[in-house]
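Q: For reference, the chains in residue letters:
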Amino acid sequence: MLDNIKILIHQGKQYIPDITKVEVPGIFKGRPEISAEKVDIVALIDLCPTNAITADPVRLDIGKCTFCGECALSFPGKIKFTKDYKLATNQRSSLIISEGENTNINVDPDQIRKEISKYFSGSLKLRQISAGGDNSNELELNACGNVNFDMGRFGIEFVASPRHADGIVITGPISENMAEALQICYEAIPQPKIIILAGTDAISSGIFSESRALNRNFINQHTIDLFVPGNPVHPLTFINGVLELIRKR
Amino acid sequence: MTISIKNNQTIPIQSIPVLKYEDFLSVNLSLLQDASSHCVNYYGLFEAGIIKLICCIANDSDHTVLISSSEIIGGENIYPSFTAQHFSFHIFERELHENFGIRYNDHPWLKPVRYPYDHANQESLISNYPFYQIHSEELHEVGVGPIHAGIIEPGHFRFICSGEQIIHLEIQLGYQHRGIEQLFIHKKKLLQRISLAESIAGDSVAGHTTAFINLWESLCNYHPSEELQFSRTLAMELERIAIHTGDLSGICTDIAYQLGSAVFGRLRTPIINFFQSWCGNRLAKGLLRVVKNNYYFNEKLGLELENILDSFESDYIEMWNKFHELPSILARLEKTGVLTTEAAASIGVVGMIAKASGIKRDIRNSHPHDYYTQLKHEPVIKHHGDVYSRTQIRNEEIRQSISYIRNMIQTIPIRNNAEESIGPLQKNSFTLSLAEGWRGEICHCAVTDDNGELIHYKIKDPSMHNWLGLALAVRNNEISDFPICNKSFNLSYCGHDL
Ligand code: SF4
Numbered sequence: 061m062l063d064n065i066k067i068l069i070h071q072g073k074q075y076i077p078d079i080t081k082v083e084v085p086g087i088f089k090g091r092p093e094i095s096a097e098k099v100d101i102v103a104l105i106d107l108c109p110t111n112a113i114t115a116d117p118v119r120l121d122i123g124k125c126t127f128c129g130e131c132a133l134s135f136p137g138k139i140k141f142t143k144d145y146k147l148a149t150n151q152r153s154s155l156i157i158s159e160g161e162n163t164n165i166n167v168d169p170d171q172i173r174k175e176i177s178k179y180f181s182g183s184l185k186l187r188q189i190s191a192g193g194d195n196s197n198e199l200e201l202n203a204c205g206n207v208n209f210d211m212g213r214f215g216i217e218f219v220a221s222p223r224h225a226d227g228i229v230i231t232g233p234i235s236e237n238m239a240e241a242l243q244i245c246y247e248a249i250p251q252p253k254i255i256i257l258a259g260t261d262a263i264s265s266g267i268f269s270e271s272r273a274l275n276r277n278f279i280n281q282h283t284i285d286l287f288v289p290g291n292p293v294h295p296l297t298f299i300n301g302v303l304e305l306i307r308k309r
Numbered sequence: 002m003t004i005s006i007k008n009n010q011t012i013p014i015q016s017i018p019v020l021k022y023e024d025f026l027s028v029n030l031s032l033l034q035d036a037s038s039h040c041v042n043y044y045g046l047f048e049a050g051i052i053k054l055i056c057c058i059a060n061d062s063d064h065t066v067l068i069s070s071s072e073i074i075g076g077e078n079i080y081p082s083f084t085a086q087h088f089s090f091h092i093f094e095r096e097l098h099e100n101f102g103i104r105y106n107d108h109p110w111l112k113p114v115r116y117p118y119d120h121a122n123q124e125s126l127i128s129n130y131p132f133y134q135i136h137s138e139e140l141h142e143v144g145v146g147p148i149h150a151g152i153i154e155p156g157h158f159r160f161i162c163s164g165e166q167i168i169h170l171e172i173q174l175g176y177q178h179r180g181i182e183q184l185f186i187h188k189k190k191l192l193q194r195i196s197l198a199e200s201i202a203g204d205s206v207a208g209h210t211t212a213f214i215n216l217w218e219s220l221c222n223y224h225p226s227e228e229l230q231f232s233r234t235l236a237m238e239l240e241r242i243a244i245h246t247g248d249l250s251g252i253c254t255d256i257a258y259q260l261g262s263a264v265f266g267r268l269r270t271p272i273i274n275f276f277q278s279w280c281g282n283r284l285a286k287g288l289l290r291v292v293k294n295n296y297y298f299n300e301k302l303g304l305e306l307e308n309i310l311d312s313f314e315s316d317y318i319e320m321w322n323k324f325h326e327l328p329s330i331l332a333r334l335e336k337t338g339v340l341t342t343e344a345a346a347s348i349g350v351v352g353m354i355a356k357a358s359g360i361k362r363d364i365r366n367s368h369p370h371d372y373y374t375q376l377k378h379e380p381v382i383k384h385h386g387d388v389y390s391r392t393q394i395r396n397e398e399i400r401q402s403i404s405y406i407r408n409m410i411q412t413i414p415i416r417n418n419a420e421e422s423i424g425p426l427q428k429n430s431f432t433l434s435l436a437e438g439w440r441g442e443i444c445h446c447a448v449t450d451d452n453g454e455l456i457h458y459k460i461k462d463p464s465m466h467n468w469l470g471l472a473l474a475v476r477n478n479e480i481s482d483f484p485i486c487n488k489s490f491n492l493s494y495c496g497h498d499l
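Protein chains in written order, with this note's numbering: chain A, 61 to 309; chain B, 2 to 499.
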C-alpha cells in the first residue's frame, strides 16, 4: 500500500490544468502563416507531396497537408508553421489558409447543428473507426484520454459500442475493404449523431490520394461536423476542437 | 545457385540466379535446414506474362542474405508449394496465390491474405472469407471485429470455443489495405515516397522510414554520413522505448491494473514529446530523410534527452519493480498464451515474438546497419513464450535502449554542412533493406528498370510472420485471456494489409 502511494507521489502532477491555453513544448507544426514574399511559386507548388499548395493567391490546404514541413524549410520567409494547435473547424473551406491571412481557425457557431450543443455539451460519447488509418492517429486519440490530457474531465469519452455512442471519429483514408463496416457502424448509432474526421488521411486521403484501394463515398454522402487536421492529430488539437463544437452556440 | 548479399547491398537484377521451379524449391528449402537461416521475404513480380519469384533467405550467423529467383507462367499450371515442407512460407505463398492466382497442389492453408484491390480472383470478397469450421454440437463460434472495442485498427477474429476455452482462432485481415506498394510506384517524387514510408505503420515510423532510406541510398550508391546514421539509429531506439512502454500500459489495462496502466501510460509521454522537441512531431513523422538531416541532433537536445531519460528511468524502475512482484499480475501473465519454441521456429516468427520464444533473431545483431555496427547489440532472449516472456522482453529492451542512447549521445557526430546531392537510381538493380523495428524485422525490396525507374516495391512488416503466432498461442486458453495475448503480440494491421 505504502509503495503504491509512493509511486503515485513520484508521478507528481501530470495533468494539463488548462487545455485551451497550454503551450506545447519544442517545435510544433501548427497553423501555417504565409507571407507576401515573392518566391519561385512553381518550385514551391512542385515540392509539396500532396498538392496542398496552390497559387494566385498562394494557399495552403491543411486538410491535405501531411505536415512534412518541407515547404517551410525550403521557403522559410514564405511559409511558417506557428505553434497554434487550434486547427479544428466545421467548415472544410476554413482549412485553406491564404497568403497574408493570419487569423485563427474556428468552429463557426452558425453552422453547428442545434442539437449538438443541446444534447452533447456536457457529455459526448464517441465511437472510433479506423478505416485504413496507420495507427498514428489512433495512438493520439488514445492519448487524449490518458492522465496528461485527461479528456474524460469534459465528459468526452470513447466507448466500445456504437449503441452507446453519440457519433463517430474516423481515421484513415477509408479503404474500400472498410467501407461497409464503417457504414454499418454509423447506422448502429442512435440519432442525433455527429461525424468527426481526425487527421489528414481522413479529411482528404492525404498521401493516399489516387489510390485505387479507397472508397470515400461515405464522406461524400454525409455532412461532416468537425475536421481535425494533423498527421497525426495532436491531442490538444482534437480536444479543443471537440470542446468548441459542443460548447459553442 | 543463389547470390549472397549484405543488408542494403544493391546488385544487378541479372546477377540473381534464375532457377527451374523445382530447383528453386529444393535450394531454398535446403537453406532452411540451417537453424540460423530464415526467410525474410518471398514475393513475385509480374512482367510480360511471366511471374518472377524472388526468394530471400537470411543467414544470421554469417550476416548474409541469399537471393534466388524463378520464372513461372502461373495460369492453369499447378505447382508444389514450399509451405508443405516448411510452414514459414505459408503467408508468402498465400500472397502469391492471391496476387497472381498461382495454384498449388499441396498448400495446407491457401486462404486470402488482404484482398488487395487488384487481386487475381475478383470473385473472392472480404465479406465472404472462407473460415475454417468444425461442425459439432458441443462447440460454438465467436466472431469479433472488424471494429473492436477500443481505439484500435480493424481485423476480424473468429474463435471456435469449447465453453470458455479457445480451440481454434482464425484471423482475417485486409481491412486496412490502402494499396501502398502500388503507390510507391505511382507517386514519383522522393518526398512522396518518404511520406508513404512514414505511413506504412504509424507506430513504426522510424523503423520503416529507415528501411526505405537505406534502400534508396543504396540504390543511388550513396553512403550516409555518421550524422545521418546516428539520427536514424537514435530515432529507432527512442521509438522502441516509447512503444514498449505504451504496451506495458496496455498490458496493465487488459488485466485491470490501474496504477500500472496510468504510470506506464504517462511515462510514454516524455519520450514522444522529445520527438516533438526534436522534429515537431510526436511520432517522428518528418524526421528522417534521404541524404539530408532537417533536424540536427545538437548538444542541447542531447542534454534535454539525458534529463528526460534520468527522470524516466527512476520512475520506470520503481513501477516495474512493483508490477512484477504482484502475484495477482504474474498469475495472469505466466503460462498464458504460450508460443512454444518449436511452433515459433516452424512458422518463422521474428522480432520480439521470436525472442520471447527462445529464438535469437534480431537484425541489429545479425545484419546491422547504420550505428548498430558500432553498438554490438546482444538480443534479449526469453524462453517460455508466454505473455510474461513478451512482457519481460519489453522491460529489458527498454533498459537496453536507454543505455545505448546514453552511450550514443556522449559523442554526437558533428554536423555535415555540405549540400549533399544524390545521383540517379542504378539501372536494372535489386536492393534489399532490413531493419529491426520495435516489433521486429522490417524488410523492403526494390527493383529498377533500364531507365533507372522504380518498377517494383515490396514491403514486409514483421507482423506478416507473426499473426499466425498469435492464433496458435491462444489455443487452449480461455477466451477472456485473448485481449492480453493480443496486446502482448501487438501486431500491425496496416503494416500487414499495406
Ligand atoms: S508541410 Fe504540408 S504544405 Fe508544406 S510541403 Fe509538406 S505537405 Fe505540402
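Derived from the structure by calculation, the hints contain no laboratory data.
In this text, a Cβ means the ideal position worked out from N, Cα and C, and glycines have one as well.
Take the hints with a grain of salt, since some may be wrong.
[Unchecked claim] Interface residues of chain B toward chain A, partial, derived using beta-carbon atoms under 7 Å:
1. Y118
2. H178
3. R179
[Unchecked claim] Below are the BS3-like pairs computed for lysine-lysine, each with C-alpha atoms no more than 30 Å apart in a straight line:
4. B:K112 / A:K98
5. B:K323 / A:K73
6. B:K53 / B:K189
7. B:K190 / A:K143
8. A:K140 / B:K361
9. B:K323 / B:K293
10. A:K143 / A:K81
11. B:K188 / B:K53
12. B:K361 / B:K188
13. B:K301 / A:K143
14. A:K143 / A:K308
15. B:K7 / A:K140
16. B:K383 / B:K336
17. B:K383 / B:K293
18. B:K383 / B:K188
19. B:K189 / B:K428
20. A:K140 / B:K293
21. A:K98 / B:K190
22. B:K336 / A:K81
23. B:K188 / A:K98
24. A:K146 / B:K301
25. B:K377 / B:K293
26. B:K361 / B:K190
27. B:K189 / A:K140
28. A:K98 / B:K189
29. A:K98 / A:K66
30. B:K53 / B:K428
31. B:K336 / B:K361
32. B:K323 / B:K383
33. A:K143 / B:K293
34. B:K53 / B:K190
35. A:K140 / B:K190
36. A:K73 / B:K188
37. B:K7 / B:K301
38. B:K361 / B:K323
39. A:K143 / A:K185
40. A:K174 / A:K81
Q: A separate judgement is required for each hint: does it hold in the structure or not?
A: Each hint, compared with the structure:
1. Y118: Holds. Min distance 4 Å.
2. H178: holds, 5 Å
3. R179: holds, 5 Å
4. B:K112 / A:K98: violated, 57 Å
5. B:K323 / A:K73: holds, 20 Å
6. B:K53 / B:K189: Given pair K53 (chain B), K189 (chain B) holds - Cα atoms ~24 Å apart, limit 30 Å.
7. B:K190 / A:K143: holds, 28 Å
8. A:K140 / B:K361: Given pair K140 (chain A), K361 (chain B) is violated - Cα atoms ~47 Å apart, limit 30 Å.
9. B:K323 / B:K293: violated, 44 Å
10. A:K143 / A:K81: With Cα atoms ~12 Å apart, K143 (chain A) and K81 (chain A) stay inside 30 Å; holds.
11. B:K188 / B:K53: OK: K188 (chain B) and K53 (chain B) at ~23 Å, within 30 Å.
12. B:K361 / B:K188: violated, 38 Å
13. B:K301 / A:K143: holds, 20 Å
14. A:K143 / A:K308: holds, 23 Å
15. B:K7 / A:K140: Between K7 (chain B) and K140 (chain A) the Cα gap is close to 42 Å, so the pair fails against 30 Å, i.e. violated.
16. B:K383 / B:K336: holds, 13 Å
17. B:K383 / B:K293: violated, 39 Å
18. B:K383 / B:K188: violated, 43 Å
19. B:K189 / B:K428: Holds. K189 (chain B) to K428 (chain B) sits at ~16 Å (cutoff 30 Å).
20. A:K140 / B:K293: holds, 20 Å
21. A:K98 / B:K190: holds, 25 Å
22. B:K336 / A:K81: Violated. K336 (chain B) to K81 (chain A) sits at ~48 Å, over the 30 Å cutoff.
23. B:K188 / A:K98: holds, 29 Å
24. A:K146 / B:K301: holds, 28 Å
25. B:K377 / B:K293: Given pair K377 (chain B), K293 (chain B) holds - Cα atoms ~26 Å apart, limit 30 Å.
26. B:K361 / B:K190: violated, 38 Å
27. B:K189 / A:K140: Answer holds: K189 (chain B) to K140 (chain A) is near 26 Å, not above 30 Å.
28. A:K98 / B:K189: holds, 27 Å
29. A:K98 / A:K66: violated, 59 Å
30. B:K53 / B:K428: Holds, at about 18 Å.
31. B:K336 / B:K361: holds, 21 Å
32. B:K323 / B:K383: holds, 21 Å
33. A:K143 / B:K293: holds, 24 Å
34. B:K53 / B:K190: The given pair, whose Cα atoms are some 27 Å apart, holds under the 30 Å limit.
35. A:K140 / B:K190: Given that 30 Å is the threshold and the Cα spacing comes to 23 Å, the pair holds.
36. A:K73 / B:K188: violated, 47 Å
37. B:K7 / B:K301: violated, 36 Å
38. B:K361 / B:K323: Holds, at roughly 29 Å.
39. A:K143 / A:K185: Judged against 30 Å, a Cα distance of about 29 Å means the pair holds.
40. A:K174 / A:K81: Given that 30 Å is the threshold and the Cα spacing comes to 27 Å, the pair holds.
Figure legend: structure checked against the earlier numbered hints; hints not met, in rising order: 4, 8, 9, 12, 15, 17, 18, 22, 26, 29, 36 and 37.
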